[in-house]
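Colleague: Which chain is which? The protein sequence lines are R and F, in order. Numbered as in this note's numbering, the first sequence ends at 329 without a single skipped number. Numbered as in this note's numbering, the second sequence ends at 324 without a single skipped number.
I should point out that these hints are in silico values taken from the structure, not numbers from a laboratory. Small disclaimer: the values here were computed from a predicted structure and weren't measured. Think of the CB as a built atom: it goes at the ideal place given N, C-alpha and C, for glycine as much as any other residue. A couple of the hints might just be wrong.
[Claimed, not checked] Reference listing, derived: stretches of chain R covered by chain F, where coverage requires no fewer than 3 residues with Cβ under 8 Å from a Cβ of chain F:
#, stretch
1, 253-265
2, 272-278
3, 295-305
[Stated by the list, open to error] Only pairs whose alpha carbons sit at most 27 Å apart, straight line, appear in this in silico DSS-like list of lysine-lysine:
#, chain 1, residue 1, chain 2, residue 2
4, F, Lys-252, R, Lys-273
5, F, Lys-280, F, Lys-58
6, F, Lys-58, F, Lys-252
7, F, Lys-251, R, Lys-273
8, F, Lys-264, R, Lys-273
9, R, Lys-147, R, Lys-128
10, R, Lys-275, F, Lys-280
11, F, Lys-230, F, Lys-251
12, R, Lys-275, F, Lys-251
13, F, Lys-264, F, Lys-280
14, R, Lys-114, R, Lys-162
15, R, Lys-231, R, Lys-114
16, R, Lys-114, R, Lys-147
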Amino acid sequence: MITAERKPMEEIFRSLEPFGKILLVGCNECVTVCHAGGRKEVAMLASALRMGRLKQGAPLTVDEMTLERQCDPEYAEELALVVDQYDAVCSMACGCGVQTVAERYQGLPVLPMVNTAFMGSSEKNGVWAERCAGCGNCVLGMTGGICPIARCSKRIFNGPCGGSSKGKCEISPDVDCAWQLIWDRLKQLGQTELYSQIMAPKDWRSARDGGPRRIVREDMAI
Amino acid sequence: MKSDSNLEKVLAAGHFAVTGELGPPRGANLQAIKDKAAHLKGMVDAVNVTDNQTAVVRMASWAVSLVLREMGMEPNYQMVCRDRNRLAMQSDILGAAALGINTMLCLSGDHPSFGDHPQAANVHDIDSIQQIQMVTTMRDEGRFLGGAEIDTPPRMFVGAAANPFGDPFELRVLRLGKKVAAGADFIQTQCIYNMERFAEYMRQAVDMGLTEKTKLLAGVTPLKSAGMARYMAKKVPGMDVPDEVVKRIADQPKEKQAEEGIKLLCEQIEQLREMPGVAGIHLMAIEWEHRVPEIVERAGLLPRPQV
Ligand code: SF4
Ligand code: SF4
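Bound conformation, chain F alone:
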């Protein structure tokens, strides 16, 4: 094992993995984290803790990860390239590893223009692929990016994100290949609504042998309402929500749209379980954490394996 990550163990044992997601609070509210996290406990194998998601300031992802750790959960510590240079990244990784964070996710990060501090400097000292390489080199070779030796390397299980629906489509699998070559142990994808296009992406990834070198978790997000479906379809860059998906939710009366969203999600999970190369799902139910137990139960993903 490369780390003590629960996610690594679950995947290594051949189980279909389930990861969840938790967005840190916009303040120093510890109780808010604990309340949200309680819904996810025992329901998922690891919980992604977002890092200033959509470029909006929130509590530090390492701090929230530690709270989850103390609650006996496995945090997946997200780190974006937007806010930190290579010094800050490496020191945060050492601190996280020393305090029991075993799993992390390397990301570019949304541009500051989306967030609450559009005036901010946009760091991007290294990019997410270089970041993966940096962490795996720290772990496997015990060296900093600058070359110096590390006393007690961080034992991180290292993940990366992939968007099968960004453009150009032909580069999507090639870029996934670069992330795998950089050393990504696992991949979590952007939310999938266009199953056909995703199946094509997976076919290419399997053909290139990528799913033998990394574990790919397919991203899913329940559609809570027709409004949300339309917003995701129109406003979120690099998101592909087919018209028939929007229509299926919108055709329901308002009070039944959330239920239809969960039904659709369970069907998707069913399909994803059957898809060659898919090693698990990443369930992003932001601000819907309290519905996660019901979702994983109905999708037949309980109980979670004890490894």
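Bound-form chain R, shown alone:
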């Protein structure tokens, strides 16, 4: 899933200074799962904003709404009937959701309320960790199912570097060394011969370096 964290309150208050009436819009997908921008977080932020602005002597009207999937134009359409009443839409979805709404309602300021972080999974309650960097050409089959791009601090394809120590990465004792994990898993799978092959330089065109990416499926065009 895509992970996100709510922006610091000071930043949010500052960005909302010009406005008197806003629509706060959550999303029912990833940001709900990582507790950043679902219905619950929308309600919490809404009341914090109302109270904060009341104290500042500049009351703010905040209405709440949570879409099924904010990055989907079909669901963003649901805002059409109401958005005219607001000075701004404040989105608690990831960057994709924010942009989908902004694209649909061109004349209206659409502000992000969360910082979108990474594609990851939940390690335990309250902990999410990066797992995939969306490189566009997956090598997990060569690396024991552990991603050297998203999980090695130097995205080394032929690791580990000299800084790997007791299973941890040189950058911090809290970060696992991806190449220790890869090696352990290759051993478990009986695939250690994969390690001796030199992995060739990556063609980064399939990643962000080739320019903004799109997927076009002719078979699905209507």
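Let chain R serve as the given structure and place chain F with the ligands on it in line with the hints.
Modeller: Just chain F with the ligands, lined up with the frame of chain R:
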């Protein structure tokens, strides 16, 4: 010969090689480089010039390498994967080769979080093993990584670093093998203090036939004080300083610790000379360049061969 590198010639002639190290200045101070380098002249066969070591900005390693070149020394131009993509790397290699730099070292580079610009983008377009392959392909096949032909390929003697003490231990020699397969002509190791563990590493490397395909220089660094020994033992990732080594330095009164460090170093060099597969030493005496003449003299490594 693959290059005009003095280091290549010294190794090819079967001499026990000695390389030194010089850290570029944190500014445009040419005199500082010349002063440091003067201590190393005639004392070592090549001088590693570090590339933004520990991710701290310093003068460009190619520029300092050229200064050494002009002083009649052989620079070992270090290049890390952290700061350059494949375009920048290849153009720097061509420039270096054209201006008489014959020896280079391929490295990953320390993570920016250690340095003075932790905000920096962390490039790592290719890794150090791919970098070795890139330079040796440029030299031997006259082709860029992108495939195009090179008019006048760079004649570089290409080295790589190895850390015998990183984890997992069982991968250390396997990864060395990958560097050799990628084409590394020589290897310089991380500083060695745990001689037993290093001997085991060398046994494995010799068994795998790696030391026949590459020349391995064992890394050594004099311990200047007990404080330094403790710092290396505790704070430097992937460094193995046994307790008895720290104790040996710490047991001396402060004013005698540096002397004990040099004594220990000379004993280590003695042992390394005898170790099968070790083709030389890489003496890293950063900010202690002025003691290098004394160290190599006492270790019996002078005079350096003229080849
Ligand atoms: S190799 Fe690429 S696609 Fe596969 S997990 Fe890593 S970043 Fe994602
Ligand atoms: S210690 Fe491991 S995870 Fe960290 S940069 Fe090195 S190889 Fe990558």
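Colleague: Against each hint, give a clear statement of whether it holds in the structure.
Modeller: The hints, checked one at a time:
Counting residues of the stretch 253-265 of chain R whose C-beta sits closer than 8 Å to any C-beta of chain F gives 6, which meets the bar of three, so the coverage hint holds. Counting residues of the stretch 272-278 of chain R whose CB falls under 8 Å from any CB of chain F gives 5; the rule of at least 3 is met. Counting residues of the stretch 295-305 of chain R whose CB lies closer than 8 Å to any CB of chain F gives 3, so the stated coverage by that chain holds, three being the minimum. Straight-line distance between C-alpha atoms of Lys-252 (chain F) and Lys-273 (chain R) comes to about 14 Å, which keeps the hinted pair within the 27 Å bound.
A distance of roughly 22 Å separates the Cα atoms of Lys-280 (chain F) and Lys-58 (chain F); the hinted pair therefore holds under the 27 Å criterion. For the hint pairing Lys-58 (chain F) with Lys-252 (chain F), the CA-to-CA distance comes to about 32 Å; that exceeds 27 Å, so the pair is violated. The straight-line distance between the Cα atoms of Lys-251 (chain F) and Lys-273 (chain R) is roughly 13 Å, inside the 27 Å bound, and the hint therefore holds. Distance hint between Lys-264 (chain F) and Lys-273 (chain R) is fulfilled; the C-alpha atoms sit about 23 Å from each other, no more than 27 Å.
Distance check on the hinted pair: Lys-147 (chain R) and Lys-128 (chain R) sit about 20 Å apart at the alpha-carbon level, within 27 Å; holds. At roughly 34 Å between alpha-carbon atoms, Lys-275 (chain R) and Lys-280 (chain F) are farther apart than 27 Å, so this suggested pair is violated. Between Lys-230 (chain F) and Lys-251 (chain F), the direct Cα distance comes to roughly 34 Å. Violation of the 27 Å bound is thereby established for this hinted pair. Distance restraint check for Lys-275 (chain R) and Lys-251 (chain F): the Cα-Cα separation of roughly 15 Å lies within the 27 Å cut-off, and the hinted pair is therefore satisfied.
The hinted pair formed by Lys-264 (chain F) and Lys-280 (chain F) meets the criterion: a straight-line CA distance of about 14 Å does not exceed 27 Å. Under the criterion of a C-alpha separation no larger than 27 Å, the hint pairing Lys-114 (chain R) with Lys-162 (chain R) is consistent with the structure, at around 20 Å. Only pairs whose Cα atoms come within 27 Å are accepted, and Lys-231 (chain R) paired with Lys-114 (chain R) is accepted, the gap being roughly 22 Å. Under the criterion of a C-alpha separation no larger than 27 Å, the hint pairing Lys-114 (chain R) with Lys-147 (chain R) is consistent with the structure, at around 16 Å.
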